[in-house]
Every structure is written in C-alpha cells, then in structure tokens.
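Participant: Let the sequences and hints guide you as you build the complete structure.
There are 2 protein chains.
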Amino acid sequence: MGGLTVLAALQRSLPGEEFVYLGDTARLPYGTKSATTVRRYAAQAAQQLVARGVKALVIACNTASAFALAHLQEKFSPLPVFGVVAPGAQAAIARADSSGVLVLATQSTIAGGAYQRALTQMAPHVPVYGRACPLWVTLAEQGPQDANLTRTLLSHYLRGFVEQGPRTVLLGCTHFPVFRDELENLLDPDVQIVDSAATTAAVVAQEMAALGLLCEKRTGASNVYLATDGAARFAQVGRHFLGNEISDVELVDL
Amino acid sequence: MGGLTVLAALQRSLPGEEFVYLGDTARLPYGTKSATTVRRYAAQAAQQLVARGVKALVIACNTASAFALAHLQEKFSPLPVFGVVAPGAQAAIARADSSGVLVLATQSTIAGGAYQRALTQMAPHVPVYGRACPLWVTLAEQGPQDANLTRTLLSHYLRGFVEQGPRTVLLGCTHFPVFRDELENLLDPDVQIVDSAATTAAVVAQEMAALGLLCEKRTGASNVYLATDGAARFAQVGRHFLGNEISDVELVDL
Chain A
48 MGGLTVLAAL QRSLPGEEFV YLGDTARLPY GTKSATTVRR YAAQAAQQLV
98 ARGVKALVIA CNTASAFALA HLQEKFSPLP VFGVVAPGAQ AAIARADSSG
148 VLVLATQSTI AGGAYQRALT QMAPHVPVYG RACPLWVTLA EQGPQDANLT
198 RTLLSHYLRG FVEQGPRTVL LGCTHFPVFR DELENLLDPD VQIVDSAATT
248 AAVVAQEMAA LGLLCEKRTG ASNVYLATDG AARFAQVGRH FLGNEISDVE
298 LVDL
Chain B
48 MGGLTVLAAL QRSLPGEEFV YLGDTARLPY GTKSATTVRR YAAQAAQQLV
98 ARGVKALVIA CNTASAFALA HLQEKFSPLP VFGVVAPGAQ AAIARADSSG
148 VLVLATQSTI AGGAYQRALT QMAPHVPVYG RACPLWVTLA EQGPQDANLT
198 RTLLSHYLRG FVEQGPRTVL LGCTHFPVFR DELENLLDPD VQIVDSAATT
248 AAVVAQEMAA LGLLCEKRTG ASNVYLATDG AARFAQVGRH FLGNEISDVE
298 LVDL
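Sequence order for the protein chains is A and B.
Using this note's numbering, you'd call the opening residue of the first sequence number 48 and step up by one each time.
Using this note's numbering, you'd call the opening residue of the second sequence number 48 and step up by one each time.
It is worth saying that the hints were derived from the structure and are not from the lab.
Be a bit skeptical, because a hint or two may be false.
Unchecked claim - Chain A side only, calculated, beta carbon under 10 Å to chain B, not exhaustive:
| id | residue |
| --- | --- |
| 1 | Thr-72 |
| 2 | Thr-83 |
| 3 | Thr-84 |
| 4 | Gln-154 |
| 5 | Pro-181 |
| 6 | Val-184 |
| 7 | Asp-193 |
| 8 | Leu-196 |
| 9 | Asp-276 |
| 10 | Ala-278 |
Every residue gets a Cβ at the ideal spot worked out from N, C-alpha and C, and that includes glycine.
Facilitator: Structure (structure tokens):
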C-alpha cells in the first residue's frame, strides 16, 4: 500500500512512463517479517514484474529495500533495480544539522539498521536515532481516521523527541507520508520532515536518463495495477496513498 | 499468534494430548484478507498438519473458521475439523439477555458476518451488534504495552457501547483475550465477556470423546510448534498469548 506514495512521486518525475505496480496485499505487512522471508517474497514479486517486460524495477518499500536490494540487483542483472533507503538517507543528510536525524520506520527496518548504517556512512558525525512505530502501518491502511486517535498514536511513538530532538525526521516507511500534516503539527516548527518518495523518484529519473532508457513525455500513458488479494480493498485504501483513483486492479498469484 | 489462546484452553481440556501448533507468521494477519485467500492459506496450513499425522484439526482463528471451516471439513473428511465460531456463538447466546450481544472482531470477520449469522440463527430475537476493531491485532502482537495507549485504543472501538450497550460481549478474535482485564475495567461491571477459547476446547473434548479418539491423561506429553517465519519472534510474542514459554519452534514453508 505504502509504495503508492513512491508511485505518485515517480509519476511526477517520469511523466512519459507507464508503470506496472504490484501490491503484495495478500502477505502485507512486510515490516514485521524476517529478512529471509522479505527477500523471498520480494524476489517473487520482482519475477512477476520482470515477466511483464519492465525496463527497470523500483522496490517501493523500505523493509524490502533494506533486505532485498542487493539480492534483486544480482538476480536480475543487468536490469536497473532501485531501492528507497539510499535516496531517503541522502535527502535526510542533505538537510541534517548537528542535532541529528530521527528515523521513523517499521520494526524490521529499525531492527535491521539499514537506515542507521546508510546515514552514518554518509555523515559519520551526525547523530542518528531510530524509532520503530509498529501501529502506524495498520493505522495508515485504515484510511482517514478519527483525528484524536491518529494524534494519540503518532504522539505515542514520538515520545522523547517532540520537545528536544533531532531537527530532521526521516519517514523510513512508505506508509508514513499520509501522516505528514499531523506530524508537522506535532513536531517543532523548525523540524524538517523528509521522505524517500521524491528523492527516489529523482534518482530513478537521473539514472534512467543516463542509461538512455527514458521515454519522452507523451499523452495517454496508463498504469497497470496488480495485487495479490482484495482488488476492491486495494483500490479503496490505495487511493489515499496515491492521491488518485485506482481502477482495473488485476489479481495475481505469486 | 492469537490461536495460542485457544491452544492454552485445549491443553487444559485435553491434558492427555500432544498438540502440533502451526502459526502462519509469514502471512499474518488473516483478518484483512479476502475469503478466497484465507481459504487457500488455511488449506495449505491444514495440509501441513495433516501430513504430520494429526487425528483432528482445530482452526484456532476466527477469520479462518468463518471462511474455511466447511472447505476444510470437506477436503479432509473424515478427519474431525473444528472451528471457533459456533462454540463462541453458543457461549455468548447461553449468557445473553434482551440487551443483545456485541461481537468484537477483525474487519474480515465482521464484514463476513459469520458470527452475526450464527447468533441470529441460534436466537432470532436477541439483537446482535458487530464492531470491527482493526488495530487490536497489531496492538496485541506488540506484547504488553503502555497502559494509556492500550486503554485509548480499546475505548476508541467501544464508543457507543460503554454506557449503554449489550451486556454480553463476545471476543470474536483469538487475539483479544489478552485485553480481557482492560476490557472488564472499561465496560460496565454487569457486562459479561465471552471468548471462544474455553468453549471450543469443551466442544473438542466432548466430540473427541464421543468419537473414541481421546487419550488418557499422561505425563510427558509435549507440543510441537511450527511457524512460517521468525521463530524467535514467534516464541517471544507467543508466550503472552499462551501464558507459557514456547521453545523449539520449527520453521516450515507452506
């Protein structure tokens, strides 16, 4: 579901392209699964997309990017495969000051430490804090909720970081951009919120152009939506993440 | 995970038996999946257990019971296959008065209407209310949490039922018994909370005895635990549901 926030950014950066989007709705969420299982499920999803003749692959999920990027790059070489972790980390570091970066993500992403490693490698002297926000994915997938409930659940996981904390907050889960406005209200006005969607889209556009793989802007480009379960629910919940209606969802079996 | 509350009850009712417990941790939660997918996943899980020579099958999940019981009974006939919906509904009706029954369950269970149908069939004049509590499964799987957060999330989904509502509340999800104490504090003292674990265990014990399939009480009976992902996490989170330590979790692939 969260990957649709990345798709929205990709559509803006690559207006000439058609996208095939696969949501593994039967087996979500990935954020509590082990690295081995995430890698296996990501490879099955990638295989399905590759079989449809895509010219590049974007892993629009932080957990899958953290655990499966190198594996998919090797498995499908020379197909370009992009993840969202490195672009997200770059965007955060570009804005970070000495107060550091707070990464908000799923349990698996935080426990796996991919963001913390990427950030520390890019800027060894910037303090990095990680916080797992386990209920946010489920909350986001409910669609718009009672404002009090949302505020309570967001505040709960920000404890200790609201008054005095890093002034850069990195949304390390593709679901979390739907909470951006509420997070801005909860955090200090000088805190900058960064997500990986726009940066990933910029990286993809740049590298695809360098590889000569980019299509010119054209009209009539349309997307294909695949889901592994619940086409109706995918379309209904998904439009909150995409910011647009989703139609003609095709069910696939991985 | 929630099925472990049913296992705990089964162990008390059938002290002579050894249990093989399978948690489909790679693909949980079932409560947001479509009927078709739940049926397919449940059949794969059942196949794994049948291959290990079990003499009866208990579907220790409300969503899977609601969608897959008839399918599994037919597929594995003459093996006895038990679900948790009918025993839960019976227990609720036995205690219900004219104020009715409130069923708290996952989105899929409430939307599927299996409890509402079972209750109405057993007692056509008892009003039945259903409420989906989508965040409770995720909350339960976090293990013991901040008491304020738990209370906020429980209250949120009880809105409209706390002051004046049915005086029988049926926990229609095997995860929810971990919230029993907090729910008792939130609801009126004369509200009775019913869950399907103990009733299911009683039904299983009774029918297994009638079929002559029950073992005598013996010492040294030990359980086998299977999970499809994250053995360590299964053991760690699972003990809150089972009320006992879980050791030697074997990973299986469905």
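Participant: Compare the structure with each hint and give your call.
Facilitator: Tested hints:
1. The beta carbon of Thr-72/A is positioned within 10 Å of a beta carbon in chain B (closest approach about 8 Å), and the interface hint is therefore held.
2. Contact between Thr-83/A and chain B, as hinted, is supported at the beta carbon level, the nearest pair being about 8 Å apart and thus within 10 Å.
3. A distance limit of 10 Å between C-beta atoms decides the matter here; for Thr-84/A the minimum to chain B is near 5 Å, and the interface restraint holds.
4. Checking Gln-154/A against chain B: minimum C-beta separation of about 9 Å stays under 10 Å; hint holds.
5. Hint status for Pro-181/A: holds, given a least beta-carbon distance of 6 Å to chain B, under 10 Å.
6. With a cut of 10 Å, the hint placing Val-184/A at the interface with chain B holds, because the nearest CB-to-CB distance is about 8 Å.
7. The restraint placing Asp-193/A at the interface with chain B holds, with a minimum CB-CB distance near 7 Å, inside the 10 Å limit.
8. Taking 10 Å as the C-beta contact cut-off toward chain B, the hint placing Leu-196/A at the interface holds, the least distance being around 5 Å.
9. The restraint placing Asp-276/A at the interface with chain B holds, with a minimum CB-CB distance near 5 Å, inside the 10 Å limit.
10. A least Cβ separation of about 9 Å between Ala-278/A and chain B falls short of the 10 Å threshold, and the interface hint therefore holds.
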